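> Build out the structure end to end from the sequences listed, making use of the hints.
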Amino acid sequence: MAKRILTEMGSDLDTVAYRQEAFQDLISDGNLRSSVQDYVKKMDGLEYKLEYFRGRPNWQNGLDLIRQYRDFIENRSDLSSAGSRALKEVDSYFGKIKSSKQFVELCYFIDRINNMEGIDFRVYLDNNGSPVRMSALELAERKSTERPRISLIERWLGRKDEGQSLRDAGETNRLGKIIQEYMDKQFTAIVMAYLGQIREVTELLEPLDFYASFAEYFTRLRDVGFDICKPTLLPPDERKMTVTDARNPLLVEARVLSAKNGRFHLFPKIGKRDKKVIPNDIHHDAESNMFIITGPNNGGKTTYVKAIGLVQLLSQKGLFVPAKSAEMCFVDGIYTHFVTPEDITKGEGRYRNELRRIKDIIENATPYSLVILDEPCGGTSHEEGERQSLALLDGFHQLGSTTYFTTHMHLLTKEVDSGRYPAARNLSVECLYDGKEITYTYKVKSGAFGKSFGEEIARELGLMPEDITATISKRAEEKGFSGILRK
Numbered sequence: 185m186a187k188r189i190l191t192e193m194g195s196d197l198d199t200v201a202y203r204q205e206a207f208q209d210l211i212s213d214g215n216l217r218s219s220v221q222d223y224v225k226k227m228d229g230l231e232y233k234l235e236y237f238r239g240r241p242n243w244q245n246g247l248d249l250i251r252q253y254r255d256f257i258e259n260r261s262d263l264s265s266a267g268s269r270a271l272k273e274v275d276s277y278f279g280k281i282k283s284s285k286q287f288v289e290l291c292y293f294i295d296r297i298n299n300m301e302g303i304d305f306r307v308y309l310d311n312n313g314s315p316v317r318m319s320a321l322e323l324a325e326r327k328s329t330e331r332p333r334i335s336l337i338e339r340w341l342g343r344k345d346e347g348q349s350l351r352d353a354g355e356t357n358r359l360g361k362i363i364q365e366y367m368d369k370q371f372t373a374i375v376m377a378y379l380g381q382i383r384e385v386t387e388l389l390e391p392l393d394f395y396a397s398f399a400e401y402f403t404r405l406r407d408v409g410f411d412i413c414k415p416t417l418l419p420p421d422e423r424k425m426t427v428t429d430a431r432n433p434l435l436v437e438a439r440v441l442s443a444k445n446g447r448f449h450l451f452p453k454i455g456k457r458d459k460k461v462i463p464n465d466i467h468h469d470a471e472s473n474m475f476i477i478t479g480p481n482n483g484g485k486t487t488y489v490k491a492i493g494l495v496q497l498l499s500q501k502g503l504f505v506p507a508k509s510a511e512m513c514f515v516d517g518i519y520t521h522f523v524t525p526e527d528i529t530k531g532e533g534r535y536r537n538e539l540r541r542i543k544d545i546i547e548n549a550t551p552y553s554l555v556i557l558d559e560p561c562g563g564t565s566h567e568e569g570e571r572q573s574l575a576l577l578d579g580f581h582q583l584g585s586t587t588y589f590t591t592h593m594h595l596l597t598k599e600v601d602s603g604r605y606p607a608a609r610n611l612s613v614e615c616l617y618d619g620k621e622i623t624y625t626y627k628v629k630s631g632a633f634g635k636s637f638g639e640e641i642a643r644e645l646g647l648m649p650e651d652i653t654a655t656i657s658k659r660a661e662e663k664g665f666s667g668i669l670r671k
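Following my numbering from start to finish, the sequence shown increments by one per residue and tops out at 671.
Hints should not be assumed to be uniformly reliable.
List time: in silico BS3-like cross-link candidates among lysine-lysine, alpha-carbon distance up to 25 Å [said to hold, decoys possible]: (1) 490 x 501; (2) 414 x 460; (3) 627 x 671; (4) 508 x 629; (5) 460 x 620; (6) 671 x 658; (7) 460 x 508; (8) 629 x 598; (9) 272 x 225; (10) 233 x 280; (11) 280 x 369; (12) 285 x 272; (13) 598 x 658; (14) 460 x 490; (15) 490 x 414; (16) 501 x 414; (17) 233 x 369; (18) 187 x 501; (19) 282 x 272; (20) 460 x 629; (21) 598 x 627; (22) 629 x 658; (23) 629 x 424; (24) 543 x 490; (25) 187 x 414; (26) 233 x 285; (27) 233 x 282; (28) 369 x 424; (29) 282 x 490; (30) 508 x 424; (31) 414 x 598; (32) 414 x 508; (33) 225 x 280; (34) 187 x 490; (35) 272 x 226.
Here are the in silico distance ranges between beta carbons for each label pair [stated by the list, open to error]: (36) 202 x 368: 25 to 31 Å; (37) 288 x 198: 32 to 38 Å; (38) 289 x 212: 35 to 41 Å; (39) 255 x 407: 57 to 63 Å; (40) 603 x 550: 38 to 44 Å.
Read the hints as simulated data drawn from the structure, not as lab findings.
Just so it is clear, the structure is predicted and the values come from calculations on it, not from any experiment.
All residues carry an ideal CB built from backbone N, CA and C; glycine is no exception.
Dropping the structure here:
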């Protein structure tokens, strides 16, 4: 649901402000957040009952549905502390339903069914010599295997059938079936008349779930030390973004810390050990909006550009963002390219698939778009990749869209430094190397990084030529195939 809403839900400045008010309400008021979560839970159950009735439209399922609907409206959660327009409207909406003539009639109808006016039973039960009264509702709602064997009906719908034995006729439990058929015929159509009102209520489930879930998510981020802020959105023609201490929210996941108190803990998913999620600033404007980002593998290039896209997306949908402060304009599209496995089903190798996707971006992006290209043109030779990357940079610089381009092709950074792209800047992910070990700081800074540390990483993993030879020789000796090794 979240993915669909974030990719499909429309936005404008007024809508963003409307949603931000609701999130401010829910993030700052835990009791209010709990009330909305309670709404979501109850509405989810109501929606299930509605769909179940639509698939099996009999009076018993209908009665279950309208009873649950009545209980939901009569015992709705308290939203009186809400200050936002959105939650005030929800509270007012359900208040109007409760006082409506249609809902009053629904409650009266349920009470009549519960009393079963005009239908009176007195029955003899097996192994019991005394007549026992059992309401029609009580009898009809029993499963057929649980209904008592009835030996005498005193009166049913105004008819007196003294002494008639259904058991003797071999029709055990037939009475319950008769009652059910009668109720289906008489009352299912009445239940159907209320489906529109119930469906209208359940349509609020998705937006309420959206607000409640994201408010809980941002609250948990804040509880573990992430800065959370309400971003300021600007018109598209300003073409700028300024974010302080942004973090990528994908670096954390929720885990139950203690079953005893039910609290949650959020921690980074980086490597094998928990590490602090490092914040970074983001800044671009119309005159400086193309960035070539270099640095070693695992240094944080991809994480950084994903954070940019996510901050833009969350802000534009009226959500809070994981940052200390954030101000940005609307964009008309967020276009991304990340390395994917070869598309075997289409008979395309990595390079063709990359260029096909980049072509789609070029054909759709505008000067008001955000474009994120993560190590494109890596599926061919280094020389060809450099030439094609420069062609792409020429095109995006001409177009004027805000572009972030991560790469290991250091020729590109030299072209930026030479002034070939006036709107372009070099960025790099910082890391420290003491001659033996690489230490990643995950900080993004100005300027190009002249080394990718590929050889150092291979040495750290034991994949230098002498390491490979030693490993093969050892394995050959252990497995007994050293005699066939090539010299």
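> Please go over all the hints and tell whether each is borne out by the structure.
Evaluated hints:
Straight-line distance between C-alpha atoms of residue 490 and residue 501 comes to about 17 Å, which keeps the hinted pair within the 25 Å bound. With a CA separation close to 23 Å, the supplied pair residue 414 and residue 460 stays within the 25 Å bound. Pair hint residue 627 plus residue 671 does not hold up; C-alpha atoms about 46 Å apart against a cutoff of 25 Å. Simply put, residue 508 and residue 629 have alpha-carbon atoms about 18 Å apart, close enough for the 25 Å limit, and the pair holds.
Between residue 460 and residue 620 the CA atoms are separated by roughly 23 Å; this keeps the pair inside 25 Å, and the hint holds. As the CA atoms of residue 671 and residue 658 are separated by approximately 15 Å, the hinted pair is consistent with the 25 Å bound. Of the pairs offered as hints, the one joining residue 460 and residue 508 holds, with about 16 Å between alpha carbons and a cut-off of 25 Å not exceeded. Distance check on the hinted pair: residue 629 and residue 598 sit about 17 Å apart at the alpha-carbon level, within 25 Å; holds.
Pair hint residue 272 plus residue 225 holds up; C-alpha atoms about 19 Å apart against a cutoff of 25 Å. Using a Cα cut-off of 25 Å, the hinted pair residue 233 and residue 280 holds, with the two alpha carbons roughly 23 Å apart. For the hint linking residue 280 to residue 369, the alpha-carbon distance of about 31 Å lies beyond 25 Å, and the restraint is violated. Taking the CA atoms of residue 285 and residue 272, the gap is about 22 Å. The hint holds against a cut of 25 Å.
Restraint check: the Cα-Cα separation between residue 598 and residue 658 comes to about 45 Å, which exceeds 25 Å; the hinted pair is violated. For the hint pairing residue 460 with residue 490, the CA-to-CA distance comes to about 17 Å; that is within 25 Å, so the pair holds. Annotation: proposed proximity of residue 490 to residue 414 holds, straight-line Cα distance about 19 Å (limit 25 Å). Restraint check for residue 501 and residue 414: satisfied, since their Cα atoms lie roughly 12 Å apart, inside the 25 Å limit.
As the CA atoms of residue 233 and residue 369 are separated by approximately 20 Å, the hinted pair is consistent with the 25 Å bound. Straight-line distance between C-alpha atoms of residue 187 and residue 501 comes to about 12 Å, which keeps the hinted pair within the 25 Å bound. In summary, the hint linking residue 282 to residue 272 is supported, as the alpha carbons are separated by about 16 Å, within the 25 Å threshold. About 18 Å separates the Cα atoms of residue 460 and residue 629, which keeps this hinted pair within 25 Å; it holds.
Under the criterion of a C-alpha separation no larger than 25 Å, the hint pairing residue 598 with residue 627 is consistent with the structure, at around 22 Å. For the hint pairing residue 629 with residue 658, the CA-to-CA distance comes to about 44 Å; that exceeds 25 Å, so the pair is violated. A C-alpha spacing of about 19 Å is found between residue 629 and residue 424, which places the hinted pair at or below 25 Å, so the restraint holds. Proposed proximity of residue 543 and residue 490 is supported: the alpha carbons are some 20 Å apart, at most 25 Å.
Of the pairs offered as hints, the one joining residue 187 and residue 414 holds, with about 21 Å between alpha carbons and a cut-off of 25 Å not exceeded. Straight-line distance between C-alpha atoms of residue 233 and residue 285 comes to about 23 Å, which keeps the hinted pair within the 25 Å bound. Restraint check: the Cα-Cα separation between residue 233 and residue 282 comes to about 20 Å, which is no more than 25 Å; the hinted pair holds. For the suggested pair residue 369 and residue 424, the alpha carbons sit about 65 Å apart, so the restraint of at most 25 Å is broken.
Simply put, residue 282 and residue 490 have alpha-carbon atoms about 46 Å apart, too far for the 25 Å limit, and the pair is violated. Taking the CA atoms of residue 508 and residue 424, the gap is near 17 Å; set against the 25 Å cutoff, the hint holds. Distance restraint check for residue 414 and residue 598: the Cα-Cα separation of roughly 38 Å exceeds the 25 Å cut-off, and the hinted pair is therefore not satisfied. The suggested pairing of residue 414 with residue 508 holds, with an alpha-carbon distance near 9 Å, which does not exceed 25 Å.
Of the pairs offered as hints, the one joining residue 225 and residue 280 holds, with about 21 Å between alpha carbons and a cut-off of 25 Å not exceeded. Restraint check: the Cα-Cα separation between residue 187 and residue 490 comes to about 15 Å, which is no more than 25 Å; the hinted pair holds. At most 25 Å may separate the alpha-carbon atoms for a hinted pair to count; residue 272 and residue 226 meet this at roughly 19 Å. With their beta carbons about 45 Å apart, residue 202 and residue 368 fall outside the hinted range of 25 to 31 Å.
Here the CB-CB span from residue 288 to residue 198 is close to 36 Å, well matched to the stated 32 to 38 Å. Remark: the range hint 35 to 41 Å for residue 289 to residue 212 is upheld by a beta-carbon distance near 40 Å. A beta carbon spacing of about 33 Å between residue 255 and residue 407 contradicts the range 57 to 63 Å that was offered as a hint. At about 25 Å, the beta-carbon gap between residue 603 and residue 550 misses the expected band of 38 to 44 Å.
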